[in-house]
Amino acid sequence: MFGSVVVPADGCHLLSGCGFPAPSADIFTWPVLASFHLFGIEFNITKPVVLLMLGAVMIMAFFLLAAAKPKLVPGRFQSLGELGYTFVRDQISREVIGKDGDKYVPLLVSLFFFVWVLNLFSIIPIAQFPVTSKFAFPVGLALMVWVTYMVLGMKKQGPIKFFTNMMFPPGLPKPIYLILAPIELLSNVFVRPFTLAVRLFANMFAGHLLLTIFSIGAWYLVSPSVVGALGATASLTMTIVLTGFEMFIQFLQAFIFTLLTAVYIGGSLHAEH
Amino acid sequence: MGSVTILASEGGNSPLLPPTDEIIIGLIAFFLIFFVLAKKAFPSIAKTLDARADAIEGGLERAAKAQEEATRTLVSYQAQLEQARTEAAEIRTSAQAQGAAIVEEARAKASEAAAAEAARAVAQISAERASVAASLQKEIGDLAITLAGKIVGESLADDAKARASVDRFLDELEAQAKQAQR
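Same order as they appear, the protein sequences are chains A and Z. The first sequence lines up with residues 1 to 273 when you count with my numbering. The second sequence lines up with residues 1 to 182 when you count with my numbering.
Derived from the structure by calculation, the hints contain no laboratory data. Don't take each hint at face value.
Here are a few chain Z residues that face chain A, going by a calculated C-beta distance under 8 Å [said to hold, decoys possible]:
id	residue
1	Pro19
2	Ile25
3	Gly26
4	Leu37
5	Ala38
6	Ile45
7	Ser76
Partner residues are not named here, just some residues of chain Z that face chain A (Cβ under 10 Å, in silico) [what the hints assert, rightly or not]:
id	residue
8	Pro18
9	Leu27
10	Phe42
11	Thr48
12	Arg52
13	Tyr77
14	Ala121
15	Ile125
16	Leu143
Predicted model, so just to flag it, every value in this text is computed and none were measured. Every residue gets a Cβ at the ideal spot worked out from N, C-alpha and C, and that includes glycine.
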């Protein structure tokens, strides 16, 4: 009816003749900006890597400035830094591990803010990409967490005791251990790092995909028609609503990642069950 | 978003295959943050937080101590005040007693003096009356003799008889006067 044969320069629209350009997993692949070889590994500098470095610098700058001139009666910036520190210490470390977890607070604070800032890039204009939706970064962090709690557990409980404590929690009927022991070993040693990495990655991956679909949808539906106008408005509204939702998810995932790390460290410090 | 379709998908770029270089870069970034902040920022923040907690706790302790001190002072003041009140009451009671004694003494002295004065006056009056009565008796005697002499026409002065009658008369007069006095 209104079909135009001319394809606009600004991409596909509802009535421009071409279909909806649905985003694929390709939106998580970025062009290589620079590349170098080191120890036989090819290092590719892409946008997520740039964002990662930027985030690391921002976190370091924030805490270094907040701790630069500590005063008993803090200024605004110092208060903010202390708030970040005490949030992780009181809500995660002391809640999960207890007072003897204070030694691990620097690790947990670094981890929480690292993950949170990398997640936050998802909704920051121009960046607009959650660095943690690149599987490699959650995998790296989960590996680090795994090594930490395995080494800590073997050091605190003894290299064999750590595994036996884990596999044979006391107070259960003997036959149960036949089933429980392998499950516990599998769950604590192999499943934990995997789920830790996948949970963060999948949440951020899906969130970014959702935001992309709705923003592309809004742009696609912009056209001189009732359906287009309504659809574009609805899609844009959804993009905004989902941006708010993502903001929450980004915080939540950073919190869960850090919380679970604290749980694993706590489990290694004292044999539980 | 136009760039979305332009991005070429390179072969084997599954989002589930983590490239080694990204794992290494991510870990480097994390450890950079961790080591720098654990060395430069977090100890300072932790120290400041502890110092502040100490200051607040110390302040609370000082306040509690001051409160205790104030309570102790108040109790001692109240005790002192009570003691002072008791003392004042004692002083008042003894002063009242003393005052009454002084008044009583003064009154006794005064009445004594008044009595003495009155006695003296009575004695003086009676002495004067006695002397007046004596002088009058003599004068009246003389007058009577003179009068009787004039009436009889001779002097009765040497007459012992006359003298006796005069004395009798005077005794009668005296008796009469005494009777009148009663």
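Do the hints match the structure? See the list:
The beta carbon of Z/Pro19 is positioned within 8 Å of a beta carbon in chain A (closest approach about 6 Å), and the interface hint is therefore held. The interface hint given for Z/Ile25 is met, as the beta carbon of that residue sits about 6 Å from the closest beta carbon of chain A, less than 8 Å. Among the interface hints, the one on Z/Gly26 holds; its C-beta lies about 4 Å from the nearest C-beta in chain A, closer than the 8 Å criterion. Given hint, Z/Leu37 at the interface with chain A, holds; its Cβ is 5 Å from that chain's nearest Cβ, closer than 8 Å.
Given the 8 Å rule on beta carbons, the hint for Z/Ala38 holds: about 4 Å separates it from the nearest Cβ of chain A. Hint on Z/Ile45 holds. Least Cβ distance to chain A is approximately 5 Å, under the 8 Å limit. For the restraint placing Z/Ser76 at the interface with chain A, the shortest Cβ-Cβ distance is roughly 36 Å, beyond the 8 Å limit, so the hint is violated. Interface restraint check for Z/Pro18: the shortest CB-CB distance to chain A comes to about 4 Å, inside 10 Å, so the restraint holds.
For the restraint placing Z/Leu27 at the interface with chain A, the shortest Cβ-Cβ distance is roughly 4 Å, inside the 10 Å limit, so the hint holds. The closest approach between the C-beta of Z/Phe42 and any C-beta of chain A is roughly 4 Å, which is under the 10 Å cut-off, so the hint is satisfied. The beta carbon of Z/Thr48 is positioned within 10 Å of a beta carbon in chain A (closest approach about 4 Å), and the interface hint is therefore held. Taking 10 Å as the C-beta contact cut-off toward chain A, the hint placing Z/Arg52 at the interface holds, the least distance being around 6 Å.
Taking 10 Å as the C-beta contact cut-off toward chain A, the hint placing Z/Tyr77 at the interface is violated, the least distance being around 37 Å. Given hint, Z/Ala121 at the interface with chain A, is violated; its Cβ is 98 Å from that chain's nearest Cβ, farther than 10 Å. Nearest Cβ of chain A to the Cβ of Z/Ile125: about 104 Å, over the 10 Å cut. The hint is violated. Of the supplied interface hints, the one on Z/Leu143 is violated, with its beta-carbon coming no nearer than about 129 Å to a beta-carbon of chain A, more than 10 Å.
Hints 7, 13, 14, 15, 16 from the earlier list are contradicted by this structure; the remaining hints agree with it.
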